[in-house]
Each structure stands twice: as structure tokens, then as C-alpha cells.
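Enquirer: Residue-level listing of the chains:
Number of protein chains: 4
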Amino acid sequence: MKDLLDQIHTALGGSPDRGNVATYIPELAKVDPGHFGIAVATVDGQVFTAGHADVLFSIQSVSKVFALALALGKVGDALWKRVGREPSGLSFNSLLLLERENGIPRNPFINAGALVATDTYLGESSPREALGQLLRFIRSAADDDTIHINDEVAASEVATCHRNRALAHYLASFGNLHAEVEKVIGTYSHQCAVEMNCRQLALAGRFLINGPGMPRLISSERRRRMAALMMTCGHYDGSGDFAFRAGLPGKSGVGGGILAFAPGRASIAVWSPGLNEYGNSKLGTEAIELLVRETGWSVFA
Amino acid sequence: MKDLLDQIHTALGGSPDRGNVATYIPELAKVDPGHFGIAVATVDGQVFTAGHADVLFSIQSVSKVFALALALGKVGDALWKRVGREPSGLSFNSLLLLERENGIPRNPFINAGALVATDTYLGESSPREALGQLLRFIRSAADDDTIHINDEVAASEVATCHRNRALAHYLASFGNLHAEVEKVIGTYSHQCAVEMNCRQLALAGRFLINGPGMPRLISSERRRRMAALMMTCGHYDGSGDFAFRAGLPGKSGVGGGILAFAPGRASIAVWSPGLNEYGNSKLGTEAIELLVRETGWSVFA
Amino acid sequence: MKDLLDQIHTALGGSPDRGNVATYIPELAKVDPGHFGIAVATVDGQVFTAGHADVLFSIQSVSKVFALALALGKVGDALWKRVGREPSGLSFNSLLLLERENGIPRNPFINAGALVATDTYLGESSPREALGQLLRFIRSAADDDTIHINDEVAASEVATCHRNRALAHYLASFGNLHAEVEKVIGTYSHQCAVEMNCRQLALAGRFLINGPGMPRLISSERRRRMAALMMTCGHYDGSGDFAFRAGLPGKSGVGGGILAFAPGRASIAVWSPGLNEYGNSKLGTEAIELLVRETGWSVFA
Amino acid sequence: MKDLLDQIHTALGGSPDRGNVATYIPELAKVDPGHFGIAVATVDGQVFTAGHADVLFSIQSVSKVFALALALGKVGDALWKRVGREPSGLSFNSLLLLERENGIPRNPFINAGALVATDTYLGESSPREALGQLLRFIRSAADDDTIHINDEVAASEVATCHRNRALAHYLASFGNLHAEVEKVIGTYSHQCAVEMNCRQLALAGRFLINGPGMPRLISSERRRRMAALMMTCGHYDGSGDFAFRAGLPGKSGVGGGILAFAPGRASIAVWSPGLNEYGNSKLGTEAIELLVRETGWSVFA
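Protein chains in written order, with the numbering used here: chain X, 79 to 379; chain H, 79 to 379; chain L, 79 to 379; chain U, 79 to 379.
Calculated from the structure, these hints are not laboratory results. Among the hints, a few may not be true.
Identical chains share a label here; the pair holds if one copy fits it or two copies do between them.
Heads up, simulated DSBU-like pairs for lysine-lysine below, C-alpha to C-alpha not over 35 Å straight-line [unchecked claim]:
| id | residue 1 | residue 2 |
| --- | --- | --- |
| 1 | LYS80 | LYS108 |
| 2 | LYS261 | LYS152 |
| 3 | LYS108 | LYS159 |
| 4 | LYS80 | LYS152 |
| 5 | LYS108 | LYS261 |
Okay, chain X solo, but in the shape it has when bound:
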């Protein structure tokens, strides 16, 4: 596995065609696009890495996986009254379907649905408490108490995220946001600003693998269902393409991170800040595709 990751790193790490770094959050625009890291945490307890696997990055929308687990933990299937489970076929911050569907976002992985999930685990707590809960979940999954939120990135996002505020007020206009908009936006922006390196993220993803030594933070049924959502909706309007190429459930973030996993086998984290046309890490997607081709880990094998 270590050799394989090194091969992937060699094949892709220096690729000239790396996509474009997200620019709409000022702090993210500063990230060096030359980074490339990958880490695999296998079900037998080992961790393999290559490239910049120890450099911290902003997990951004990968955090939606943890937020969804938390929201489901809090209200269970009642969440599905407020958010759907279907791919939207549209970009991550689209308002189009929201209007046609009375404020029920298509799924919890587009921004609108993620705001509902955040609003759900936030409940009547303070943002500080809610974010504390989120960090405890992630730290417990990764078995690493150093994982933290980058306050500068969070502040940068709070200061500039007009589109998310538009989504939040829009949800609120349909009564589908219960806490105050600014509280939800603040919590959400901090959630997105969680920082990890590939090693930590791969470890944090182990709660989605089925295996004897893996952290048991959610039930088996919930794990399978979250996997299905990640497969069909985890990469926005590039979800079908990711499933086609990688054959694994995964979730991307505009920071260039992707968390994917092979049920019963391994959790995989890649990071390369350049994004493809759908807003998913370009080299990250290619790396997982290569990894799956060599390991045969596709869930459809």
C-alpha cells in the first residue's frame, strides 16, 4: 500500500494540470496549489501516507459528513422532513431547486441542505457548544485531540459568504431554519474551517468503515445510508462522475480535500487544492480513481 501511494504521488504530484484553487473565500485563495497529499487508514489499524499528508488544510464541505452524523444523532429520521436525499443535478450553492421545492433542500451535502443539518445539530445550543460537540465527534473518530478550527479561515468566510447567507435567509423564509440566520452562518462557517491533514482525515473517516477495530460512533444502518448519500450526492453535480470513476462513496470540499472509503476495508483522504469544473479536487479525484483501479476496492467490483 505504501508503494502504491508513492506511485500515485509520483504519477500525480507534479501534474501540470491541477485545476484552480477556490477563490471565493479569501483565506483559501492563498493556498499553494502545488500541495498533494494522500493517506489511507486500513481496517486492520494501519495508516499509509504519501506526499503532503501532514500539512493541514481546511476541510470545508468534507465537514458535512460529520455534521450529518451529528444531526442524525440528534433528531434521527425526522431530519428527512427538512432535507431530501436526492442528487440535485446542480452546483453546490444553487438556489434553483429550493424555490421550486418550497425550501426543502435536495440533500444534506449541497450548501442549503448542510445549513439545515447545521441548524439541526445547533438546535438551541450556543454555536460554541455545538461546535464543541462537532469537534468532540471528529476528535473521537480520529482519536486525535489536536484537531481544531482555524479561526482566520472561519472569520474570512463569515465576512464574505453572501451566497450562504442568501441560502440561509431563503430557508428561513420557508420556516426551514430554526435558529437565527447569523448563528447558523457562524456555526456553519466554523464547521467548514476545521483543519486536518490527510492522515487525520483518513483516521476520522474510519467511523464509516465496517470493521472490528473501527470507532463505533453511529449504527450500521446509518453508516450504510450515509455511504449511499455520499455516493449519490457527495460531489455535487459531479457525483455521478465520481461514482463512475472511483466507485466509492466520498465527500469533497472546496479546500481540495476528499474523504472516501471502501466499506470493510479502508478510509481514504486526499488533498490537492486545485479544483475541477464541479468544484471537486482535480488531482484528488484522479488519485482515488487510480487507487481503486489498483486495489479493486470499488463497491461495484
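Dock chains H, L and U against the given chain X, drawing on the hints supplied.
Expert: Just chains H, L and U, lined up with the frame of chain X:
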């Protein structure tokens, strides 16, 4: 397995809440909604059935799986220049995205994309030749030379399918239909009118399972990719829901049939003519959900 | 004319089918739907009224006419780089086209476009100054210094207008809002909360009529162009219907007021709080239709 | 007036920026973009012309005005159950709103609505009879029995109009087309292929002017209402812009013709084959704008 199928049949076969039979093809509207059949063909060569597993039904859009295999066999990845691989988030016969995306259908399992797939395997052949090829593929997959097309259903569809003609002319207006519209419509309507029973359909689906004794009609890579497409797009705007509940790749048809499969394990066919809100078999979906829960066959387990 | 208005009042004033009062601004929901007032200010300087023509009401979106005049006065045709001049075919607070058209609202009479107009006349002034300017314009047009803003209605709107905030943040995300969102929302909500009675509103509308004694607040060309915009876009997705039935340029508000005018002849104000399916005053529309039928004032006569 | 038309011809006739000739009907693509003609038929019975006012061109969608008059003559207001009266905000051959609005086109001047109008005047007649009726209407309006259909243009359109067939089948799928699709398409394509020169078209448009010597083919109320529809919907998604600039009701065709009129004053026909971004004659629009500026004929003056 036989016991499990009997249990499922007992649990669901007499359900009062069966959804509604499709009415837009007159011949389909005549079908008795009381039918319920299920068949499972396992990788070790056995077939198990329960209920009306030997009654013929119209496979309708399940045929898109065979058509896609044929189209890919003919032109390979060039097909993806004419059709996408993303869930559309819209109903099976929607024209909405087609307009915004210059005549490139979102995926080969919505009607617009299926018409492109049909146009592809039709090529410059006559409809008779092309349909002969399709039947040979299906018969070979099922190892059953009695599988045939119901000409009355096909004629009923040809006579009434204004919406598909609208889609076809629309594709033609973008230059994304190469054969004459009426030829494509005729071929497509006959393809949809293939008749099988659950036993035959389960057998025909074995080419999608990976296993020593299974028919090898397509490459492993293509098999995995088709599975991904079935998972993300196989149930129209209910694809996410099917993935969430069943955790298997599958393809439904408005005749009430569903073909699903567990990679490396089994091919599954169910039939119950009543449809849910997305146009997928209501009891069929529930049956597969039950089956997967008991067998643990979810690809995400 | 007085007789005609009395006839219209008699015919419609007690109508049982009055539409529904807008409920989304709490203060507006309290208004008695039984009100019905009408006033006509003719080019020869006379004013005729019937019904509750002296009861104050919230002009709401009728204010967009004055705001547009002010915005054009400030930046001239440069406004058309930030907002279009086409009917949207969608409801007054839709976000749909905004997304497809990169944050350029279709016209200045839907809410999104009106926010851009408000942002334009606001410029770098304080909301207080900008609203002072707006009031001066309206008072000067109506020759009535008592016209004022209802602060309770404004506060009610500021407290609840999630949808407008969504629009504003959305515009801001495209860089098409220059002042701070909350400043624009505050100014806009106060602008909508201008109170007038029918008599005052008919007088205020005289600047749109061409005539020797009429107030000359804008050039003739601008007057004609604003009339065209009111004709094609003044009643949201009911604009075509209003033009078809009334044959006059007009602008409605969800408070139940309509300002219409017959070029060279008269300015007309009606008020009836119940709204039709498009969010325009139901009896108000009928009253103008009747008035035009009897007077022959259609611009198409 | 003759001088004014000559000035307009001089100002615009040689303009280098003429827009693009429509190419989607092969016969139309052959037309020389250098043509420019204008004709004005005044209410006192005179006709003035300049430029290529005697060269025949294909009136295309301008024919929708005559078709609408005919359809209303046949079924009256019952037409409005099958077609709306609102601007669509979308291009002339869009299918988008049709899907959302259950097969009721937004207005009779977009292609979908025009197909319904054609289907209405066609009724149970043969296309030959129906087209005979249409020609009699136009000839009677223009007082010119030489007006005819160009069969080559019609045949070219029948052979290539996939998009209109898509619209027609789509309408049929909603039950909003009563005759056979091919019969409607044939009739519609011939209707669009009516040929006139500017002089004839200006004369044919006189039935829309109110005046003692003008042909009385429809009632005054219907005339006013058709004018309103032309004002709000006559130039597709450029209708608002035309109203803003010209201030007159008008209808354009992709052949480069525009018929506009000043109620009580004159009927105006212009022809210049190059189209602007909305598919309306570029120089034609500019010519009418100039004419109205000089004559003060805006309905909003």
C-alpha cells in the same frame, strides 16, 4: 433464500398500498396491479423465486441497461460525448435540462439519454437488425431463446408516445440524433416492449455480477461503471432514495419491474405494477429493501 | 367622472370575491379587506374620488416607480448595466432567473431589481438622507408635505423579510449590491412603508402624465420609457394580463394599491387590499379595467 | 413622412452592424443581409416607403398576428384556456415553461403558443382550407390578392423544423394539440412562409389601427387586446426592450420583418434580415425607434 423470498412475498404480496399502475401507455394500463413476483439468481448458479415470478411483464426502461451495454459495445467511451453521467434530479421524461445543456442528456437512463443510446446501437442498421442484436444480447445473458418483444405493447407505445417524440425531435434539433426520428422512436418503443418474467430478468442480469460462472458479455471495468450509473441514475429522481434504502445498483421500468444486483453475489428481479411517486415500482422497491436488510448485500456494508 | 367612479365603487365595493390580503408582512395582514378606494387626477387639474379614497394604506411596491425615477435621476442609463428591462415571467420575489443571469435582475419592478434601484439611489448616503430624498420626490409630485413613512410597517418588514435578505445577499454575492445588505434592506423596507391614500397617490402619479400643468420631475423620454416598463413589468407575472385587460401602464403593491395612468389624460390610484393569484389587487385591477372601458383611455385605442 | 423615411433609410440602410441572418431554416439563410425596406400606411389612406420596400420577404412569425386574429375569430376567449397572455421571459422556441405549466404556452406569440393558435384555426379543416382562410384574411386586410405562400420556404421549414415538432409533440402529450402533429406543423410552416413586401405588410397591418377608412376585420376590444399582447409579448425575450425603445405594439419574425402600429395613426412595416440577440430585426428595431422619436407616436407620449 427461498424462505426469505417467501417471507417477502407474504409480507408485501397482499399489501393494500400498492401505488398506481402507469396509464400513459394504454396497453400497460390494463395490467392487474395485484401481481407481485421476485426472483434471485445467485453467483453459484441457483435461481430462487416467489410469487408471480413466471408471469411475463413489459420490462420498459429496464431495457435501458441492455441498450447501454450494446451502445457502449459499439462506440465505447465516445458515447459520453453525446450523453452525460450525472443524475438529473428531474423526472424521467423531463426536457428541462436538455434545453439548458444544448441537447446533451444528463445520463443514459432518463428517456432523452436512452434515446441517444438507442440511436447509437441502431447506427445505420435497420430497426429490425438492431432489435435482433438487442434480443440476442438479452437471450444470451439470460440463456433463454424464448425472450421476445410484445408487438402490441410496442404498437401501443409507438401510437401514443408524444413525449418521447418531443424528446427525440429536440435531440435532433441539436444534432444529437443521427438516425431518423421515427426509426429511433420505433426501435426504442420495441426495446421497451421486451417481455420477461422475474426469473428470466434475474438471469439476464447476471452479466452485471462478477463471478466465475456468470456470462461475460462486457469487461469488468464497464460492468463496474454501469453499476455506478445504475446506482446514481437508475431510478430517475428517486435514485438517491433507492440507493439510501436498498444500497444496490438497480434500474426500474414503468411496467413495474426492477433489476438490481449485488456485485459478486446475485442478480435480483422484482415485479409489481403499482408505481410510487417517482415512477418506480412501489412494492418492488420495498421488496429489495427487505431482501438487502436480511442478506446484508448492501454494497456499503 | 365622479359619477363613473361612484358606479365603479357601487359595482365593486361590496364584491364578495375580494382575493386575499397579503400575510407575509405581519402589519399588512391586519388590514381590513373591506376597503375600496379610487381616485383620478386629470390633466386639467381636477381630482375625483370614490370609496375609501382618504384612508391611508401602505404603498409597498408602488414605491418602486418613485425609486426608479430617483435611481435614473442619479445614474441615468448606467442603471441598465445592473438591471434588465424585460418581464421575468416569474413571481415578484423569485430567485430563479437571478442565478441563471449572473445576478442581473430582469427588471427594476421585481424585488431583486428594486433592491438594485434602492442601492443606486442610496449610493453612499445614509438611509435617512436617501429616504429624505425619496420623500421629497413623492411630496413634490403630489404637492403634499404630509406624506410620510409608517415606521411600524417598516419595522415589521425589516424584522421578517428573509426573502428580500436572501435576494440582497444573492445580489451582493455577484457584486451587484454596493452598499451593505442591511442598509439596503432597511432603506428598501422603509421605502415600501410609505403611506398614502388614493387621492395622494393619484396626485403623486401626475409626474408620469404629459400635460401643461403637470409636475415636471423627469424628462419626456424618461417618462415614456418608465411607462413602457410599467406596462410590460409592472404587475409581475400578471403584467401581460393587466396590459390585456386595462391597456394602461401601471404598478401594483402587495398593500393592495395600484397606480396607473393614461398618458396625456389622467393618473389613477385604486386601493383594495385583497390580492389575486399574481399578488396584485383583485378589485383594483377590475376597477381600472372598468374605468378604461368607459373612458376609452386604453393606450391602444 | 416620405422625407422622414428617406432619412431613416439613409441613416440605417448602409449600417455595417446589421446583426446575423437566421440560419436554421436553409431557405432563409440565403437572403442577402444588405436589404432594408420600410413602409408606413397612415390612417388617412396614404402609404409611404423607402429602401427595398417592394422586395418580397418571408414574414415568418409576423404571421402569428394574423393567425391569432383568425383563432380568436373562431373560438373567442375560449382560446385563453389553451394559451396564456404573459411574456415568457424566454426565447421563442423554449420548452422550459411548458413543462412547468402543464403544456399551456405562456402566450400566442412564442412558437408553442402559435402552434396552439394554428391548431385552433385549423380545427377539423384540411391544411389547404385553413391556409386559404388565412390568406383571405391577409389579402383582405392588405387589399391585395397577390399575396401568397412561398412553397419552397415552407418545404424547407417542414423538412428541418425539429424544434417545432418537439414543441408540437410536447403540446400533444398534454392534450393541447387537437389535430395531428404533422398537419399542424405543415399548416404552421406554410403560414410562416407567407411572403410580402413592406408595402403589403404595412397595408395588411391596418386592421389593427382604429380609423374610419381602415379594414374592420375584428372588433375594437379585440384590436386593443391584441395590441397589448403585441406590446408585452411580440418580441420574445426582447419584448420589454422593444417597448422601452419604440413604445409601440409590434411583432417580429426571424425573416427580419417587423409589423408595428401606432393606434389611430399608422401601420408600420420594416424589413432588414439581420437579427439582434433576441432574434428580432436589428436595423428594423432601430428604424422604428427613430420613426417614433421623430413622430412622437409612442403610445406612452
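Enquirer: Of the numbered hints stated previously, which ones are contradicted by the structure, given in increasing order?
Expert: 4
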